[in-house]
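Produce the complete structure using the sequences and hints provided.
For the record, in the sequence shown the residue sitting at position 61 is 60 according to numbering that gives the first Met the number 0, with numbers rising by one throughout.
Treat each hint with caution, since some may be false.
[Unchecked claim] Below, simulated DMTMM-like cross-link-like pairs (lysine to aspartate or glutamate); rule was C-alpha separation at most 25 angstroms, straight line: (1) Lys-857 - Asp-94; (2) Lys-668 - Glu-716; (3) Lys-255 - Glu-537; (4) Lys-625 - Glu-819; (5) Lys-721 - Glu-802; (6) Lys-442 - Glu-972; (7) Lys-57 - Glu-335; (8) Lys-442 - Asp-456; (9) Lys-663 - Glu-653; (10) Lys-436 - Asp-930; (11) Lys-369 - Asp-339; (12) Lys-909 - Glu-921; (13) Lys-979 - Asp-930; (14) Lys-909 - Glu-601; (15) Lys-255 - Glu-144; (16) Lys-625 - Glu-565; (17) Lys-57 - Glu-41; (18) Lys-625 - Glu-516; (19) Lys-849 - Glu-901; (20) Lys-857 - Asp-423; (21) Lys-527 - Glu-561; (22) Lys-255 - Asp-289; (23) Lys-122 - Asp-862; (24) Lys-625 - Glu-802; (25) Lys-849 - Asp-553; (26) Lys-369 - Glu-292; (27) Lys-231 - Asp-112; (28) Lys-857 - Asp-930; (29) Lys-625 - Glu-561; (30) Lys-122 - Glu-140; (31) Lys-625 - Glu-537; (32) Lys-255 - Glu-292; (33) Lys-990 - Asp-457; (34) Lys-92 - Glu-144; (35) Lys-57 - Asp-291; (36) Lys-663 - Asp-651; (37) Lys-255 - Asp-298; (38) Lys-436 - Asp-485; (39) Lys-255 - Asp-291.
By construction, these hints were calculated from the structure, which means they are not laboratory data.
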Amino acid sequence: MAVLLLKKITPRHGGRWLLLIGLLVLLVLAGRLVSNEVRTSERQARYLAELGRELTFKPEPGPSPAIRFPHSGPYDERLGYSQLPAFTQRLTKQDFLITQQARISPRLAALDDKGLSLAYREKTQAGLDLLDCNRQPLYAERYPERSYADFASLPRLLVDALLFIEDRELLTTRYPMHNPALDWSRFGRALSDQVIHVVDKSHPAPGASTLATQIEKYRHSPGGRTSSPQDKLRQMASASVRVYLDGENTLPARQKILLDYLNTVPLAAKPGFGEIHGMGDGLWAWYGRDFDEVNQLLDSNASEAADDPLRRRAEAFKQALSLLIAQRRPSHYLREGAADLAQLTDSHLRALAAAGVIPAALRDAALPVKLALQQATENGPPISFVTRKAVTALRGQLSGLLQVNNLYDLDRLDLSASSTLNGDMQRAATSALRQLKKPADAKAAELYGRNMLSSGDDPSKLIFSFTLFEQRGGANLLRVQTDNFDQPFDINEGARLNLGSTAKLRTLITYLEIIAELHQRYASLPPKELARLPVDKENVLSVWALAYLAQAQDRGLPAMLEAAMERRYSGSPGEGFATGGGVQTFSNFDASENSRVITVREGLQQSVNLVFVRLMRDVVRHYKFKLAGGGVDALESEEGPRRQQLLSRFADKEGRNFMVRFYKKYHGKSPEQAQQLLLGKRLPVPARLATVFRSIAPQADLAQFSAFMRQRFHEDELSDAKLAALYAQYGPDKFSLADRGYIAGVHPLELWLLGFLRQQPAATLTQTLAASVDARQEVYAWLFKTRNKNKQDKRIRQMTEEEAFVEIGRAWRRLGYPFESLTPSYGSALGSSGDRPAALAELMGIVVNKGMRLPLRKLQSLDFAQGTPYETHFENNALAGERLLPVAIADLVRRSLVDVVENGTARRLKGGLRPTNGKPIEVGGKTGTGDHRFETYGPGGRLLSTRIVSRSATFVFLMGDRFFGTMTAYVPEPYAARYKFTSAISVQLLKSLTPTLIPMMDAAGSDNKLACRR
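In structure tokens form, the structure reads like this:
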């Protein structure tokens, strides 16, 4: 037959037939090649495996000039990869530098340029790691929390069910080079369904996702969704490249796809838990199941004869199966669609059994099981705030640095942060403080005794807080921050506490700064010129400085500062001090000091209150005269602008205080309610009520006025003529606001406010204060009259004192004081303005570092995305220190603090710390006892009641040339009234910790595990 056909082919047509036959042969060959490629993926395997060998990256020093970061995708956002450019900007502004960053190969960069995800071995678990100064773990979070370690750990029953549902040929060994990202039959059906869907919108159009492309989608596509056909092609291409990173044989990669899917499949979110990923967290969050228990049940071989094990296995399998099904629409199926999920799960159980994937017995045992999804929050084990207090502070600082809004998001970043904390020391100190809750341990630490705990005192009510810093490498490094308070509150940094006489340290430094300033101003002048300088006798510090310099042999600053420490003050408590807007009295802790005249040096050493009250008075007077410019003459002149300015400020300030009080009283009340509240039980006098009504309702006519008055008086008491006369006589234009307040028997600003709120009922406090500026000045017009000079002087003294304390506060804040204002009272020298232990530690650091404020460092380095193409390492590169105090002041203060330990209120630490080998480590510090109470006084200064709010004992210390910190004991109400301890308890507690501290402080002990190596 073939011969006959050939004979019929003429030369004329022979070429065409040969061409046709050739084309047919080529088509057959091409079809076979395509069919073979579809089945085996051999050619793409060779190409992509070769490409995969060129997709490399490695970290190198310095910032990368060509690094690429992902733009979107839940995985990249959650782990922080897409936020790294923003993190870099924020960190560089906070003195962090990139020390290492990934360099990606040109082929990897080219893939990114084409819109594909960067191909690398992605992490299924990641989270925040916090490390200590020796890179030992302090804290670690991993999300998902529960996961399978490797493919071998996957329950076979779960694997078979997933393969049956999603991709039955995924683990085939027949085609070892198979590309699992492409299922051509599924892809073809999806294309045809899409074409039909264009014509018939009711026709379903499912996607062509394989497990590989599903992972690509929920990790790297915006919102975890496929937004377009192009996006689907990107998913397929990216997944294909990723599959061949380890070579042509994809079986290990396919096993990893299954593993990754089960570990990371999104399963909605839940309040109190957050996003849920993977079977492990899903089983715990939605069913409250222990992950290990479920896996044991799924791996078991429970038979039909063993009813209870079979039932338990069936329940675990049905719950796991429901989650595999729920991933299609997790937010629906795991919430309002629970009934749909149960129905689908039962359908799948039947299908699995019919296909022989699961035994019929397992199906029959599982079908009656009710799926009970848990919508309530599943609580984890209780968290000890004590053990995590420092970690929480570090996480808070890290959150602020990165501007991550909450700790939930921070904990999910792929980030390792190295801190300055000494983990071993932190744990040892925390353990020691926690043990003090027991009386036996408190007694062992010798915390019972004079000025400490009394017999019967319960130590469990006390909060002990300890911080320790080390100066190293041009920075102050936090080594320990702990307390024994099992609540989030951190007394070290979280509150304004009365820390008692520790404020004397701040007062002393301010005093010495004034002496140094006077030295700079006058030390170069000869004695005769110094004698001609006009100085008011009340400007005590300037008078002393001029006298000292006029006769001193050594005019150097150190000598003058030493002389200033020898100035003497009375310890007598018999004087009343005009301060804080009144007359205040103070007392000493030790009555034997009342009759003595004591030097500033000894006053610090023995913490004598009256010495520092009088010293603060001299400091305040110094600032008063400094601010007055030309001296008191500017204030004595009745028409002087400075005097008028102070009076105006007083009027505004006091008027504001009244206005705030009245606004709180009347805000939100109707005009009738406010009017009734104002009148209250006041005796109804016609002139008084007429003045009130005409002031708060100036637009009211005679009829309205008459109606108001007749509600409060009998008709025969007020005739029409009398009412008309009252209406005219007490109109708002007839008297000043101050006079109207006098007639009405109320504060004039109260009258003004009620009238204003009638006109502007929705006015805020800020708007009310702005509108009342002129009224406040008008009310105090009497103060500006010259016949009131004594009253003026009293107010001026109050205002100049407040101005002086503003300047003192500015000086304190420059040295780390944490609050915007001081209480304008000499009592601020004794702690009445409050403080924080952390701020005192900062001040001590300035002293230890010879007047330099070094950068405070809690975080050393940040390592993002290690082992990825986005890997970036930051190091803290804080700027050089800032000089805040002359060396002479810092050295003198240090010697004085050592004197407090050797001869003063901290004698329990006399002799310093004693290492087993080497010389003693010098210790200095300042003690302080805070007794915060609210007291109510009656007429004649009679004390009516006292409420003790808290009691504290603080020791701010230095140890050697490198270490400093604070130890605080604190007890709040209602327990504070039971205790009488003083700062002696803090000193003793620090002493009890010295065996733990010494190994870290020993410079020669760098091999000791308690010593930080960075």
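Checklist line | Violations among the numbered hints, reported as their numbers in ascending order | finding: 2, 3, 5, 7, 17, 28, 34 and 35
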